[in-house]
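Enquirer: Listed below are the residues making up each chain.
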Amino acid sequence: MKTPAIRALALALACLPFAAAADTVTVVTSFPKEITTAYKKAYEAKYPQDKVEILNKNTAAGIAYVREQAAGARPEVFWASAPDAFEVLSGSKLLAKIGPGNPAIPAKVGNYPVNDPEGYYRGQALAGYGLMWNTRYVKANNLPEPKEWADLVKPVYFGHLAISSPSRSGTTHLTVETILQGEGWTKGWEQLLAICGNSAAITERSFGVPDGVNNGQFGIGLVIDFFGLAAKNSGMPVEFVYPSVTAIVPANIALIDGAKAKDAGMRFIEFTLSEEGQMLLLDPKISRLPVLPSVYAKAPAGYPNPFGGQIQAKVNFDSNLSESRYYVVVSLFDQQVTFRHKELVAAMKAIYDAQKRLGGRKSAQLDEARSLVLTPVVDEKQAADPKLLALFKAKKTDAEASKAKAKVEEEWAAKAKANYARAVELANSAK
Amino acid sequence: MNPVGVDIRHVALSFGATQVLKDISVSVEPGEFFALLGPSGSGKSTLLRLIAGFNQHQAGEVLIGGRDVTGTPPWKRDVGMVFQNYALWPHMTVEQNVAFGLEERRLPRAQVREKVAAALDLVGLAGYGARRPGQLSGGQQQRVAIARTLAIEPQVLLLDEPLSNLDAKLRVQTRQELVKLQRRLGITTIFVTHDQIEALTTCHRVAVMDDGVIQQVGTPMELFDFPVNRFVAQFVGSVNLFAGRFEREGGALRFASEKLGRVALPAGVEPPAGEFDLAFRPHAVSVVDAAGPEALSLRGAVENAEFLGEFLRYEIRVGEGLVIADIPHARGRAPIEPGTAISLAVPASELRFVAA
Amino acid sequence: MRTHPGIVAIALAIAAFLVAFLVIPVVAVVYTAFSDGQGGFTLAHFAAFNEISLMRESFANSLYVAGMTVGLGTLIAVPLAYLTVRFQFRGAILVQTLGVLPLVMPAFVGAAAMQLLFGRSGSVNLILKDAFGVTLPLMEGLNGVIFVETLHYFPFILLNLSAALANIDSSMEEAAQNLGASGWRLFRKVVFPLAMPGYVAGASLVFIKVFDDLGTPLVLNVTNMLAPQAYLRVTSIGLEDPIGYVICVILVAFSIGAMGGSWWFVKRRDYALVSRGGVQAPKRRLTPWQALLAYGWIVGMLLLVLSPHLGILLLSISKVWSFTVLPEQLTLAHYATVFTESKQMIWNTFLYCGLAALLDVALGTAIAYIVLRTKLPGRQLLDHLVTIALAMPGLVLGIGYLRTFKGVELPFGGGALTASWVIFVLAYAVRRLPYALRSCMAALTQVHPALEEAAENLGAGRWNTIRRVVIPLMMGGILAGFVTSFITAAAEISETILLTSRESMAPMSYGIYLYFQSVLGRGPGAALGVIAVALVAFGTYVSHRLVAARSPHQSGGGQ
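Protein chains in written order, with my numbering: chain A, 1 to 431; chain B, 1 to 356; chain C, 1 to 559.
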C-alpha cells in the first residue's frame, strides 16, 4: 500500500535542484532580471562547471540578509548600486579584501575613485542620476521638458512627478545625497521638499518610478540613468536627461567574507570586470555605463560616456559623509516626506492656489508658509550631531534605544505635520 | 365574524407543459369544514395554494366571498394558511410569530398584545409567548402556527396536511381539537389531506381529487356509500371491485365477470348498461350456509385470514378472483381455517355499480 | 472498542507535525512581540508601535480597506443574489460564472492590469478626460486596493449569500406574505435575518483575507497598511525588528477574532431545524423593465470582474502600452521569454504545490477518519488545530518559519531548511490543510458506516477496510481536496515573497511578482500570469468534474 506513494516521493526527490558537486556562486543583488539573467547565462557558458544563484533583494534587505548568515555559509558576491551599502558591509567586517582588479580600469572617474581605496570592493559599472519623462504624458499635459532638478520645483509640475523613498531604494538615497551635497543641506532639502510636494507618489521601490513613467501613470520621474536609457532603448515612449547637478558613482561588486565558494566568487567578479563582462552592459535592455573605457569604442553612437566628459558631473560625491549620516537622512525623508506625503501635497497645493489668487503680489504669510513647508525639521548641525547618529545605529533588539529612536522620529513627524498644517492655514489666509 | 364561501369555477392550471388542474369547479359553503382529499400528485395542494394566492391559474375564476381574487397578491387576500411544516420563524419568539400578521395590519401595540394572548389561549399555549420555536415540540409548533393564523381572524382558513407530521396518538387528539375549534369559530375551513380517515372524521363535505380532476364531492357518508367511480370506491374505504357485464338470460339476471365467472344477481337489482364494476364493501359480506334470494350468493375457499381485533379479514378465492370479507369477531370464536369451502352472501342493498 | 495503537501513533504524529509547523512558528512570533530581548515579558514594543503615527495610520487603513471591501462587496452582491434565487432569470448562469472568475486569478496579478485600465492615465480615465474632462481616482492609494479587492472578493460574498437565501424554506416567506407582508418589509423582517448566518460566515472570511493581504498592496505600491509594513520592516530592518512582530500579533488577533466571532454568531442562530420539505415555490417573473435593469446590472458587473483578466491578457501580448487606451504593437515575444526563462519556476510550482497537496490530502484523510470514525480522546483537538490554520495570515507564518527554523539544517546535507524548497512544501501544506480537511470530512460523512461494517463482517481488518472500502469511496472528495490545495497554493504570494531567497527556488507566483519589477514593462509578468491563470482555471474545472463524476457512487443505498 505504501510503496507506490513512497516510490513517487523518491522520484520527486531525485529530480530536485540539489547542490551538485560543482561550485555555486550565490550573488546577492538588487539589480533587475535583465542584467542578472544576462550575466548568469554568459558566465555559465564560459565556466560550465559553475552555477550562478541569484538572490534578488533590495539593498537594505540584502545587507540584513548577509548579516544574518553564519560565516562559512554566506553567499559569495554582493553586487549593488549604492556605495554606502558597501561601506556598511565592510564596516561590519563582512567583506573580503580583494584589492583592485582589471588594470585597464581607471582608478578614478572624474574625482571619484572607481574602486574602494581600502580594497574591499570594486566598481563594476557607472551610473548617473537624472530625469526620465513620458513624452506622451508631457505633451498631453503641456509640460515643458525639464533639464535640471531645480526646474522641477515649478508649480507647472504639480502632481506630475514621482520619486522613490531613500529608505527603500539605495539609488534614490544616492540621488538625495547627490542633491544635498551639490546644493548644500538647507538648499538641497528645499529643492527636495518642493519636488516631493510636486510628486504624485512616493514609490516603494526605485523601479516604481520608471515603471510608472513607462506606462504613463506619472509624467516625470527621478531615476538612475540605466532605468531611463533601457526603457527608451526598448521602444518605450520616454526620454532621459542628465542634469548638471549629478554625480557619477560606481555600482560596486564585492566578495563576501566567509563565503562558501571563495574561488568561484572571485571568478565571477573577475568576469564582470573583463572586456566580455563589460560588453554585456551595452545591451539596450541594460544600458549601463561600463568602467572599462575601451568598451565605449564598441558602443553605439551617442552612448553616454563619462570618461569623455559628456556628462557633467558637478558633484564630487563624498561617500564617507553619505555613509555617516545615512540613517538620519533616510529617516528624516520618511518622516517628513514619505509618511506625510498627503499633507505635504496639500500644503503645496494651498501655496500654489494662494499664489494664483494673489497674482504675483508679495505676501508675508505666503513666504512664511513656503518656508514652513520647505525647511527640513532637522538642521545641518543636528544632522551632524554624533549622539543623534549613534542613536540610529543602535541594535534593533535594544528596547530602550528602539523606543528612544521611535520617540525622535515621532517628534520629527509631528513637527512636519504641524508645519504643513500651519502652512495650509497661512496660505489660505494670505492676502 | 361573518363566514364567507369560496367558489372555484372552471379553473385550469399548468406548470409549463404539465397540466396540474384540469377544469376544477367546486363551492365551499360559508362556515363549512371542507376537505380536499386525494393521493400525492392529485393537485389538492396546488388548489389550496391557488386559493392562498401562491399560484396563478390560466383559466377560470377564484371567488372568495363572492369577489374574484384573480390577480390579487397573497398579502392582500386575507385568507389564513397553516403550512405543512408550520413555517415558524426561528429568529422570532412565539409571541413575535403570532403578532406578525397583526403588525402588518398596523394595529396599536396594546391591541396586538391582547389578540396574541387570546390566540395563544385559544390553542392552549397561554404563557408560551417568550419561547422560541426551536424549544417547542412538534405538536406545540403546530398550535403556534394555528394561533398565528387565527390571530388575524381571516375569512377563510386553509390547512395544508396539518396532521401528517404528528405521531399517531397526537394525530387523533389534534384532529378532534381542530373539529371543536372550527365548530366554535364557525370559520370556513379548507383542509388538504391524503388520509381518508382524517377527511371523513372531521369534515362536513369532502372533494376527492385525482390527477387534477375532482372525482366526487359529497358528505363522508355519501362518498362511502355511493361512490360514483372506481377511483372513489377504492380510495374511500376498502372495497371489493370486479369488472364485468350484465347479462339477461331469460328472466334471470347474471353478472358476467372475468374474475368471478357468471354469478346470479338477486332480484330487484337494476344494473346500468355497458361496462361497469360491481362493488361491495367487505363489511357487507356475511358467511352463510345458504344465501337468500335478496342477496348475491358466492361460493369459494378461504385462502387467508387476518385477525384485526374487532373483525377478522378473510380473503376468499371465488372463481379467479379474491373477495375480501370483514367478519365481526366474537369472543372465543375461532377463525375459519384456510382451505375451508364457504358460502358468502351480500345483501342487494349493499351492491353498487360504478363506472370505471 | 479499544483504539488501535497504530491509530494512536498516527494521531500523535499528525499532532506533532501541526505543533511543529503551525503552532510553534506562530507562538515564536507572538513571543517575540512580547519579549524584551532578555527573556522577560514586556509591552514596550506595543507601546512603541502605538507611538509611531505611521503604524497607527497603517492599522486604521487596514481596517478601513477590509471594511470597505466587505461593504461594497455586499452592496454589489445583495441584488444579484436576490435576483438569482427568487426570480426566473436566465442570467443565473452568468452570475455563477461571476462567482468563479476571480478565484482563478490571484488579486495581485490582476492589480497590475487594473493599474493600466483604471489608473491615473489608464484607459478609462483617458477616455473620460477626452470626453468629459474628468478623471476618476479609482486607483489612487487605498482606493486602488479597495477596488481590486472588492472585484476579487465580492463573488465570494455573492455565493455565500445566494446559498443562504436558497436555503430559506420558501414557506417562511409565503407564511409572511400570507399574513400581509411584502417587498421591503418582507425582506427586512424575514428574509435578511434568516440569511444572516450564511452571509456573516462569508463576509468575515473576506474581511480576514483582505486585512492580511500582502501581494495586492505591494503591487499597487501602497505601503501604509499593516501587512506591507510588516513585510518591509522584517526584510529591510531585519528579522530582529520587533515592530514587525507586533504587527503580526495584531493580524493574528484580528483574524482569530473575526473567525471566532462569526462562528459564535452562526452557532447562536442555528436555523437548520426548520426545513421539513415544503413545496418550493416557483420563481417569480420579472417585468420587462425589471429584467432590463437586472441584466444591465449583471452585465456591468461581469465586465468589471472580467477587467483584470482582459487587462492581463492584453498586457501579455502588448509591446508598448503607455498613456493609450489600448496597447500598441502586439507581440507574442513575452510568452517566448517566459517559456525559455521560467521553466524552472513552472516546475517549482508543480513540485511544491503538488507535494503540499499530496501531504494535505494524506493528513486530511487521516484526520477525517480519526475524528469521524474513532473514539480517540482529544481527536476534536486535531480538527480545531487545523481550523486555526485558516486564520493564520501567510505573512505571519512566513516570518514565523524564518525565525523558528533559522539555522535548522536538513538531514542528508540538504542545507539550511529556510534556504531549501522543502520549506515551501511545509508552509503551503499547513495553510491549505483546512480546505483539504473539509473536502475529506465531507467525503467521509457520505460513506455510510454500514459499508465499513459489512467489510469487517466479511473478514477485513481495519487497515484493509480503509484501503479497500473507505478510501476508494472517498476518492472524489480526496481528489477535489487535492486540486483545491494545489491551485490555492499555486496562487499564493504572501508566504512566498517572504520565503523565497534565491531565484532558482522561486515558484510561479513569485516569478510573476519579480517580472512585474522590470523596467521594460510588465509584459512578461502578465504572460506568466496568464499561464498561471490557465493552470488554475483548468484545475478548478477538473476539480468540479471530479466531484460531480464521483458523487453518484457515494451512498451505499440508504439515505
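One or more hints might be untrue.
[What the hints assert, rightly or not] On the chain C side, residues computed to face chain B include the following (Cβ under 8 Å):
#, residue
1, S171
2, N178
3, G407
Hints listed in this document are in silico derivations from the structure and should not be mistaken for laboratory results. Where a beta carbon is used, it is the ideal one built from N, C-alpha and C, also for glycine.
Enquirer: With reference to the structure, classify each hint as holding or not holding.
Expert: Here is what the structure says about each hint:
1. S171: Check passed: Cβ of C/S171 comes within 4 Å of chain B, closer than 8 Å.
2. N178: C/N178 check passes; min Cβ-Cβ to chain B is 5 Å, inside 8 Å.
3. G407: At 55 Å from the nearest chain B Cβ, C/G407 fails the 8 Å test, so the hint is violated.
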